[in-house]
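For chain R, the structure is supplied; the task is to place chain D on it using the hints.
If you want the building blocks of each chain, they are given just below.
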Amino acid sequence: MAEQLKVHVNPDKCQGHARCKALAPELFELDEYGNAHEAGDGTVPPGLEDKAWLAKSNCPEIAIDVIEE
Amino acid sequence: MSDVNQPVAHPPVTDWVHDFDHTDPQWTEDPFPIWDELRAVGPVVHTKRFLGCYLPTTYEAVREIANDTEHFSSRRIIVRDVRPEITSRNAAPPITSDPPEHKPAKQLLLPPFTPDAMMKLEPRVRAICNELIDGFIADGKVDAAARYSNYIPVRAIAHMLGIPESDSDLFINWIHMILELGIKDESKLLQAVQEMTAYFGDHIEARKNNPTDDLISYLMNARDKNGNPLEDTHVLGSLRLLLIAGIDTTWSAIGSSLWHLAKTPADRERLIAEPGLIPTAVEELLRAYSPVTMAREVVKETTISGCPVKAGNMVLLSFPAANRDPKMFPDADKVVIDRRENRHAAFGLGIHRCVGSNLARMEMQVALEEWLKRIPDFRLDPAGTVTWSQGTVRGPRQLPFLLGKAM
Chain R
1 MAEQLKVHVN PDKCQGHARC KALAPELFEL DEYGNAHEAG DGTVPPGLED
51 KAWLAKSNCP EIAIDVIEE
Chain D
70 MSDVNQPVAH PPVTDWVHDF DHTDPQWTED PFPIWDELRA VGPVVHTKRF
120 LGCYLPTTYE AVREIANDTE HFSSRRIIVR DVRPEITSRN AAPPITSDPP
170 EHKPAKQLLL PPFTPDAMMK LEPRVRAICN ELIDGFIADG KVDAAARYSN
220 YIPVRAIAHM LGIPESDSDL FINWIHMILE LGIKDESKLL QAVQEMTAYF
270 GDHIEARKNN PTDDLISYLM NARDKNGNPL EDTHVLGSLR LLLIAGIDTT
320 WSAIGSSLWH LAKTPADRER LIAEPGLIPT AVEELLRAYS PVTMAREVVK
370 ETTISGCPVK AGNMVLLSFP AANRDPKMFP DADKVVIDRR ENRHAAFGLG
420 IHRCVGSNLA RMEMQVALEE WLKRIPDFRL DPAGTVTWSQ GTVRGPRQLP
470 FLLGKAM
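First to last, the protein sequences are chains R and D.
In terms of this note's numbering, the first sequence opens at residue 1 and continues consecutively.
In terms of this note's numbering, the second sequence opens at residue 70 and continues consecutively.
Same shape as in the complex, but just chain D:
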């Protein structure tokens, strides 16, 4: 079976309508015109790549699928070249759970992530942002993706979990292996999962004798509906999920927001003059540059927006494409930072709404507030290159800025 484990180079896409590929460099670089082209063809398109996969192109089709857990399972949530067997080792409840298992697993994770809980965490996040800015503000230039946007979510979630913030680079590397390299190279994904499991296993063991006031101990103390403690595999799965889901995503959202502000001085100046508008702007930036594309597996034949979909195919559940649907959002292709009506789906729709949405919103808001307070003037460095992550989570991975007023 060695061929299954080897990374496979995908042929370049020449026909997006019948042969789309979200790992193609063109999609990575600029997906928006591709989505417009596909949406003009129909609400659902199909590719034979990834062993068969649909893409809903409209907000309505995405909503229909997200709300239909009978025909669309979450047991596989990443569209990849392979469909490895589903085991408790690669499950990460509740994101990979369907009803009825989903609800109890989700309810377990919700209380630590309410808006009130996030208010308590906010001072630490503000301090993290300022520590990071201290590290580069005197240099006059910075790669904001590598030195700012990535460390905010990773250090915040480490703080919540009760693991050392100084292990951040370890976590960033695992996530890169799982979400990017793992799409085409099974062995990288397995290696990362194995290392994470061992890492968290040690932290769980340490807390068995010395309980702590953090999210790991919270999960260890949680009880299922029968009053029994969770199995270690459930705790480990949830910890893996929180780390994976909590980092790359918000890293991308903060990075895309800064990228937009670097090249849009009018929006930047308005937010500096009216900081009270930042929460509204965060929603619009989430809509326009939604980082997360999820997936479902079709388990029963049905129709979506009138289009037949067949079991055995995957679905690329593109919340980012839904959020660019002009039928749902007037001026969908423009960033309107004071947009008043904004039912964007950046955190998903239906029962799988992102557990960390309140955390992500707080981190984005604080990250932009602190950056704009201390670095009101910045722009893209013409000598550098902006690069974007490939695959399931889209955001800038290299974001070279010049800081200060242009000479």
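Same shape as in the complex, but just chain R:
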């Protein structure tokens, strides 16, 4: 069985660069200030794994964790 991925944005590190929202709009949402949080509980639907890793590797603040469950 494939591993289940979850994404999580650390709100203390996020500065609203919004790279994650641009690269993986299905996995992240922005608040009224443009700061990011994971959509829902962060569960990555099948097929979007690459986008999760891409968002993580483009966050300038290293604020995104991808957790393998």
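Quick caveat, the hints were computed from the structure, so don't treat them as lab data.
Virtual Cβ for every residue (Gly too), placed ideally from N, Cα, C.
Among the hints, erroneous ones may be present.
Here chain D is said to cover these stretches of chain R; the calculated rule only asks that three of the stretch's residues, wherever they fall, bring their Cβ under 8 Å from a Cβ of chain D [what the hints assert, rightly or not]: (1) 22–33; (2) 37–49; (3) 57–63.
With a Cα cut of at most 25 Å, we get these calculated DSS-like pairs of lysine-lysine [to be verified]: (4) D:Lys117 <-> D:Lys379; (5) D:Lys403 <-> D:Lys332; (6) D:Lys175 <-> D:Lys294; (7) R:Lys13 <-> D:Lys474; (8) R:Lys13 <-> D:Lys172; (9) D:Lys369 <-> R:Lys13; (10) D:Lys175 <-> R:Lys13; (11) D:Lys210 <-> D:Lys442; (12) D:Lys474 <-> D:Lys332; (13) D:Lys172 <-> D:Lys294; (14) D:Lys210 <-> D:Lys332; (15) D:Lys172 <-> D:Lys369; (16) D:Lys396 <-> R:Lys13; (17) D:Lys253 <-> D:Lys117; (18) D:Lys474 <-> D:Lys210.
Label-pair distances were calculated between CB atoms; the ranges are [to be verified]: (19) R:Asn10 <-> D:His79: 38 to 46 Å; (20) R:Glu29 <-> D:Asn290: 50 to 58 Å; (21) R:Glu29 <-> D:Gly345: 29 to 37 Å; (22) D:Lys117 <-> R:His8: 42 to 50 Å.
Below, chain D alone, put in the same frame as chain R:
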């Protein structure tokens, strides 16, 4: 004190490691080999110029400083020959604010600049680009810095603020006086600030009786954490900041991008064939040709990447140099327009992340899309000269192109 107000000619740099100067013509023309030389010496170097100034040369050192607001203050954000007294007249919150004042001032400015807000502005920017192209496309040649890249951000921010786009030349001149002439000539800077203050003062007065649906009215209606309206000086400071920060910077980024594409036909052809790659290319162009160098003032002694730094010195916070650090970016000196991993720091790192980053990205993307659609073939005009701005914001100020296929 007249000597303080006179522009001072800087002696040419002969020893970059111990005597660097970001206003030296060699730095202006081609800073990349200088940064490589300094990085090879260490993560932090120092100059006695500018009353004492450090330069972090690595991505890691730049990140450490950007995240350390205890030892590094933003009260002065331009490295200059003088250190004028700090007053509310020259403050521009939140960029010149430190914690705890920074956060409320920043949060005030963020909502009008979210990606969603930028999507609403995008059609106007696309129209501006096409109006500008209409003005020169039949000529077969153009100075793209003077007639395209500079007017896109200035007209976009004027549109957002609710001031006439036709005042663009006025704004461009103030910014030149503040960011370039003002480094060495205090009087030019003060004159520009005074004129801007008077200009925006009139616009604020006009809105007191007739509120409008724009960024000036938004700031006038904003309330601080106690529910009180902002003082006029705060509104004026924020307006000055938005105008200054929003124009020169993106002008430079669009200009550098077009300069790269003019001399790199393979990248140009790829973006025309795959327009979906433009957002990725924009990130790489932002990394390779980051326009903005910020500054901090050391307020408490500390160490950065093992190097001691002493209070009273300035720090030239070179995001452009950080973005060329080969330890962080493989092939850092090459433009890889489909680079997948790109944590570049072009918009800064930490709490002072550029408020207008979503605006700048949208403007760059639209400016390149519309240009490439209508002018797929262009090249540097061998009869002309490309010139670069000096100082804090780097980008082409003269960009002579020949348009159309080479004969």
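Evaluated hints:
no. : hint                             : result
1   : 22–33                            : holds (count 4)
2   : 37–49                            : violated (count 0)
3   : 57–63                            : holds (count 6)
4   : D:Lys117 <-> D:Lys379            : holds (13 Å)
5   : D:Lys403 <-> D:Lys332            : holds (14 Å)
6   : D:Lys175 <-> D:Lys294            : holds (13 Å)
7   : R:Lys13 <-> D:Lys474             : violated (48 Å)
8   : R:Lys13 <-> D:Lys172             : holds (14 Å)
9   : D:Lys369 <-> R:Lys13             : holds (24 Å)
10  : D:Lys175 <-> R:Lys13             : holds (16 Å)
11  : D:Lys210 <-> D:Lys442            : holds (17 Å)
12  : D:Lys474 <-> D:Lys332            : holds (13 Å)
13  : D:Lys172 <-> D:Lys294            : holds (11 Å)
14  : D:Lys210 <-> D:Lys332            : holds (15 Å)
15  : D:Lys172 <-> D:Lys369            : holds (22 Å)
16  : D:Lys396 <-> R:Lys13             : holds (22 Å)
17  : D:Lys253 <-> D:Lys117            : holds (16 Å)
18  : D:Lys474 <-> D:Lys210            : holds (12 Å)
19  : R:Asn10 <-> D:His79: 38 to 46 Å  : holds (43 Å)
20  : R:Glu29 <-> D:Asn290: 50 to 58 Å : violated (27 Å)
21  : R:Glu29 <-> D:Gly345: 29 to 37 Å : violated (23 Å)
22  : D:Lys117 <-> R:His8: 42 to 50 Å  : holds (47 Å)
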